[in-house]
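> Listed below are the residues making up each chain.
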Amino acid sequence: MDIKTEFTELFHSRKFQYALLVIAFAAVVPLFMSEYAVGHVFTMMLIFAVYASSWNLLAYSGQGSLGHAAFLGIGGFSSALLAISSGVPPIVGLFIGGLFSAAIGLLIGLACVRLKAWFLGMVTFGFAIIIVAIVTQFDSVFHGVDGFATKTMVPRGLPLYYATLAIAASSIVVIFWVMKSKWGLAFKAIRENESEAKMVGINTGKYKLLAFVISTFFAGLAGGLYAQSQFLIQLDIFKIDNSFMPLIMAVIGGLGTIEGPLIGSIIIVSIEEFMPNIYPFLQPLGALFPGVSNVGPYLMFAGLGLFLILVVIFLPKGITSLLQKAYAYLREDTSKAKKIEET
Amino acid sequence: MVNKKILGLLVIVIVVVAIAVAVWQMTPAPSAEARNIKMGIVAGMQSVEGQDIERAAKLAIDEINAAGGIWVEEWHTKVKIDFVLVDTLHDGAGETAGPVTKAVTDDKVDILIGGATTGGTLNGQIPAIQNRVPFIIVGASLNLVTRRGSLPSDNPLYINDTEGMSYMFHYCTTISDYSETVTHFLAESVKPKIDAENSFDSSRKLRLAVIHRDDGYGKGVRDVTNSIIAEDSLPIEVVGTAAYAASATTYQSQLISIKEANPDAVYIAGFTADTAEIIKEGINDVGLKSLYIAVEICEDPQFYALLGETGSNQLLESKVATQWQGSTWYLPKVGTYVENYKTKWNGIISGMMGVDTYDAIYIYKNAVEQAKTLNKTNVKNALEATDMPQSLLIMENERITFSTGTNYHEILPKTFVEQLIWDSASGELKPFVVYPDTMPGISSFKQRDFDLPENYEPGSP
Amino acid sequence: MITTSGLIETLLWGIANGCIYILLATGLNIIFGVMKLVNFAHGQLLMVGAFVAYEVTKVAGLNPYLSILVAMASVALIGIALEKFAFRRIRGTDKLNEIFISLGLIYVFENVATLLWERNYNIRIPSPLAGLSLSLGEVAIGYDRILAMFVVIVILIGLVLLTKKTKIGLAMKATSQKRDTAMLMGINIGKVYIFTFALGAALAGAAGALYGILFPFNPVIGALPTIKAFAIIILGGLGSIPGAVIGGLLYGIAENTAVYLLGGIWQDAIAFALLIGVLVIRPTGLFGEKGE
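From first to last, the protein sequence lines stand for chains A, B and C.
Per our numbering: the first sequence = residues 1 to 343.
Per our numbering: the second sequence = residues 1 to 461.
Per our numbering: the third sequence = residues 1 to 292.
Incorrect hints may have been included.
[Claimed, not checked] Quick list of in silico lysine-lysine cross-link-like pairs, BS3-like style, CA-CA up to 25 angstroms: (1) 198(A) - 36(C); (2) 188(A) - 178(C); (3) 182(A) - 95(C); (4) 180(A) - 95(C); (5) 84(C) - 317(A); (6) 38(B) - 4(B); (7) 198(A) - 182(A); (8) 289(B) - 333(B); (9) 15(A) - 180(A); (10) 58(C) - 198(A); (11) 173(C) - 116(A); (12) 151(A) - 108(B); (13) 95(C) - 167(C); (14) 36(C) - 317(A); (15) 15(A) - 151(A); (16) 108(B) - 372(B); (17) 116(A) - 167(C); (18) 116(A) - 178(C); (19) 317(A) - 95(C); (20) 188(A) - 36(C); (21) 95(C) - 206(A); (22) 191(C) - 167(C); (23) 95(C) - 116(A).
[As the list claims (entries may be wrong)] Computed list of chain A residues with no C-beta within reach of chain B, every gap over 12 angstroms: (24) 44; (25) 92; (26) 156; (27) 170; (28) 188.
[Claimed, not checked] Some chain A residues close to chain B (C-beta under 7 angstroms, calculated; not the full set): (29) 85; (30) 149; (31) 152; (32) 176; (33) 232; (34) 236.
Think of the hints as simulated: they come from the structure by calculation, not from any bench.
Glycine included, each C-beta is placed from N, C-alpha and C at the ideal position.
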């Protein structure tokens, strides 16, 4: 199918319309929200949507990285350091950070493409640990241990939010395009059965590497956005939680779909943001656990873990499949209603 | 003809009415704009230090509110303080900026008080600087927290905002202050004892090892120790150093490498939990039966409890003795504070961070009263001009003032060294001051002479 | 300062610490070998083992070395529950699902453990031998470490006897090599799986109980040992107990030596540096076997 027809179809598709709706929503609602909600909560949702999508893309090719935070951090540190010490405009630094992250991703990918799923998981996890050691060891270069303040591409507040929205939306569109393209088909084939894909003539090594590079580019980009919106960057960005979050978001939202990571990101960030308000109500449970002064966060994370397990067992296609079912159910009802009207 | 009596009466009435009106004008009704003060307490609730800060803050705030609040002249009324918790979890370097941002932009706090770790505070203060919110920092022993403009401009910690930085105040000791005390104590009290017990020649330098957190604070202590020894020409030689990551749970490898350097004493730049663990592992696991010195942030009952008998005869540098052993308190105010804290919090004894926090809140109260308004800029100026009698910390001139000039917005507290003595009857470690002999205003401060620990092994001759 | 006695001491420590990793890696090895299952939450089982041993020692006043048995039994039970309620349900589905479930389990274990035993500071299982050590010239090694090595040897011998001499052990071996044939021969695969998982978990529990005697621990120490255990398996080869032993020892020595020579930061990183290095050269591992 040629590009023109593809785009025309895309334009009229439901998905595109939804996407526009979401973007419009994301653009308008912040005008009514507090500075913290916009700068922190909404921005985090966008950043993690990109980050989770990048992980999602990699998983689409059958490669489940457990150390994606390494790339988030590489992108974050390189873009932040460039802006501070070399006077590179932060927005340019953002993309250079992404490219740098992709370059490292290429190296790691070369090592990983020949590995089976869980070996890859271990190596990527290990890489995230090594990166922490390296950044700490060369603290005089990276200043990661104590961290430092970052420069933003546009003033903080609404301008930074809209810039992030623009970059995030475009990134997700690009990732979507990749998934729907010929490359995406190759990824899917490799994921479903690598040996069969090889037999059909797909150069699995090349495609797996490609997925790696694209994925790490966007992870690095997300890292740069993260550094700018969070005021500062510090070793913390490499934490294990940051490696697991995109996974949780993509799986809960709907692995392999384009809207999955976004849904997952919105859900998880919302939970993390609004749970503290519920903590006081959970305090009575605190009597059961005398050692801990504030039981809230732990109950929340334990619950999240349980939620993930339940989703994997009972709802393997993620929340998006629930939404689709609900939507189909509603459509069926309305079409039934129409039929009744017509008779 | 006017009756003189009636005229006199009229004059008196007029005068009385005039006075009444004048008095009534002088005590106007409270302004309708009056509102409670939002005090942001920056405490890492998952750390020992943070919990101490929170408890002390609530003690001070409840005391002040019980008396009606703080008088704000502008509104002609006392206003109460609303406690706003800014929970920075472990006060780790990556955990502080978010909560402080929320406090500043969403909760719109009038003042921030707290901050325990250097790394955490250096980042947590950034939103406060940008939004011009006064921040009295009660921990963080690097004086960098008040003067980031004096760094080279390509240093990532550099901040080019003199006005914003002027809102930062540091009510705490710095690494130079307490490292000076530690090194001088080692030279004056410890070295002679070691030399005497082992018949060492007095020209032999004391062998010191430094084990430290691998961050600005730890490395700062290591470096400043070296420079103080050089500047003051002390008979000490730093024979080995080792760093450990903030996330480490065991320090056995670092201790082994220090042991190889044969030190006479080990200076530990860490926090409560890690310092206690290092001492225990050093003595029990690695066999480094040396003299260990902890930094004042460990002045917390949890430290004593964690150490247990292993800490017998080990040393703690401190600036407030919340577990003072003696029939009368060295500073009556400290005794009162400790008792009130104990009563309010079911017998818990305050630690150093709580002490700093309590004082900081009263310093803020004083500043608001002087500024006559809650306006942050006015309060900031009033804070700068603070001149109060000393409270829970011993000050060099017995008054609380913030310095100006190059060493700016700092205080001048006096620090001392305690030796921890094991009391087998109660099964607890108890601190006794071993250095210095006297303090401003306290003629006999030292409680006992320093003694080497049992089983102590000095470094090589 | 680097000295020969320091190096020797580091070596000895490395061997002792390596023993704990051997137990953990062997447990993982067995589960993967027989069930082809990846459980990234294995290190959390170690953590639970440590806490159980701690509680039993503290509450019942039991000798910490006897608590090891209690820890093994409890963690084995937990293992059985995990197999039944979580892993069995996704058997046969996408390989990545195991990773996702493991992740969920990690969050559940760590946070429930934190609720039960807070984590402001680390705890240690008190041993009657604490602080006592054997001196060999300039080098000293604690009695606890020597005893730990002894315990590991005993367990390993028991394991070898189990796999070679008992019916269930042989069934496990058969299943790991040719599952379908084993099924056809009448072996109850379901039972074998349950037993295997329980056994692997028990080994993790034992590793945890020993860990708790030698090192301070808290609810979140589980993550790194898991990866180190995987690294050892890759070094030593899947399904090979001798391989896991050698891998574990090598790893323990490498870790301690790296810290001694290069500094504390490299403690964890060295494992991965080794791992990545090996995998790049030989994607199937050092003693690579079929069925990675």
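> Next step is simple, just say for each hint if it's right about the structure.
Right, here's what the structure says about each hint:
About 23 angstroms separates the Cα atoms of residue 198(A) and residue 36(C), which keeps this hinted pair within 25 angstroms; it holds. Distance restraint check for residue 188(A) and residue 178(C): the Cα-Cα separation of roughly 29 angstroms exceeds the 25 angstroms cut-off, and the hinted pair is therefore not satisfied. This hinted pair checks out: residue 182(A) and residue 95(C) have alpha carbons roughly 24 angstroms apart, not beyond 25 angstroms. Taking the CA atoms of residue 180(A) and residue 95(C), the gap is near 23 angstroms; set against the 25 angstroms cutoff, the hint holds.
Straight-line distance between C-alpha atoms of residue 84(C) and residue 317(A) comes to about 22 angstroms, which keeps the hinted pair within the 25 angstroms bound. Between residue 38(B) and residue 4(B) the alpha-carbon distance is near 60 angstroms, which puts this suggested pair outside the 25 angstroms criterion. For the given pair, residue 198(A) sits about 16 angstroms from residue 182(A) by alpha-carbon distance, which is consistent with the 25 angstroms threshold. Using a Cα cut-off of 25 angstroms, the hinted pair residue 289(B) and residue 333(B) is violated, with the two alpha carbons roughly 38 angstroms apart.
Taking the CA atoms of residue 15(A) and residue 180(A), the gap is about 13 angstroms. The hint holds against a cut of 25 angstroms. Using a Cα cut-off of 25 angstroms, the hinted pair residue 58(C) and residue 198(A) is violated, with the two alpha carbons roughly 58 angstroms apart. Pair hint residue 173(C) plus residue 116(A) holds up; C-alpha atoms about 23 angstroms apart against a cutoff of 25 angstroms. For the suggested pair residue 151(A) and residue 108(B), the alpha carbons sit about 24 angstroms apart, so the restraint of at most 25 angstroms is met.
Annotation: proposed proximity of residue 95(C) to residue 167(C) is violated, straight-line Cα distance about 30 angstroms (limit 25 angstroms). Proximity of residue 36(C) to residue 317(A) is assessed by CA-CA distance (about 24 angstroms); at most 25 angstroms being required, the pair is judged to hold. The suggested pairing of residue 15(A) with residue 151(A) is violated, with an alpha-carbon distance near 36 angstroms, which exceeds 25 angstroms. Among the hinted pairs, residue 108(B) with residue 372(B) is consistent with the structure: their alpha-carbon atoms are about 20 angstroms apart, no more than 25 angstroms.
Annotation: proposed proximity of residue 116(A) to residue 167(C) is violated, straight-line Cα distance about 32 angstroms (limit 25 angstroms). Simply put, residue 116(A) and residue 178(C) have alpha-carbon atoms about 20 angstroms apart, close enough for the 25 angstroms limit, and the pair holds. The hinted pair formed by residue 317(A) and residue 95(C) meets the criterion: a straight-line CA distance of about 14 angstroms does not exceed 25 angstroms. About 23 angstroms separates the Cα atoms of residue 188(A) and residue 36(C), which keeps this hinted pair within 25 angstroms; it holds.
Straight-line distance between C-alpha atoms of residue 95(C) and residue 206(A) comes to about 22 angstroms, which keeps the hinted pair within the 25 angstroms bound. With a C-alpha separation of about 12 angstroms, the suggested pair residue 191(C) and residue 167(C) falls inside the 25 angstroms cut-off, and the hint holds. For the hint linking residue 95(C) to residue 116(A), the alpha-carbon distance of about 10 angstroms falls within 25 angstroms, and the restraint holds. Look at residue 44(A): its CB is around 10 angstroms from the nearest CB on chain B, not clear of 12 angstroms, so calling it non-interface is violated.
No beta-carbon of chain B is positioned within 12 angstroms of the beta-carbon of residue 92(A); the least distance is around 18 angstroms. Not every CB of chain B is more than 12 angstroms from the CB of residue 156(A) (nearest about 8 angstroms), against its label as outside the interface. No Cβ of chain B approaches the Cβ of residue 170(A) within 12 angstroms, the least distance being about 26 angstroms, so the stated non-interface status holds. With a cut of 12 angstroms on Cβ distances, residue 188(A) stays outside the contact zone with chain B, its closest approach being about 37 angstroms.
Restraint check, residue 85(A) versus chain B: the minimum CB separation of about 5 angstroms is within 7 angstroms; hint holds. Interface restraint check for residue 149(A): the shortest CB-CB distance to chain B comes to about 5 angstroms, inside 7 angstroms, so the restraint holds. At its closest, the beta carbon of residue 152(A) sits 11 angstroms from a beta carbon of chain B; the interface hint therefore is violated under the 7 angstroms criterion. Because the beta carbon of residue 176(A) sits about 30 angstroms from the nearest beta carbon in chain B, more than 7 angstroms, this interface hint is broken.
A least Cβ separation of about 5 angstroms between residue 232(A) and chain B falls short of the 7 angstroms threshold, and the interface hint therefore holds. Hint status for residue 236(A) relative to chain B: holds, with the closest Cβ pair at about 2 angstroms, below 7 angstroms.
Of the numbered hints listed earlier, those contradicted by the structure are 2, 6, 8, 10, 13, 15, 17, 24, 26, 31, 32.
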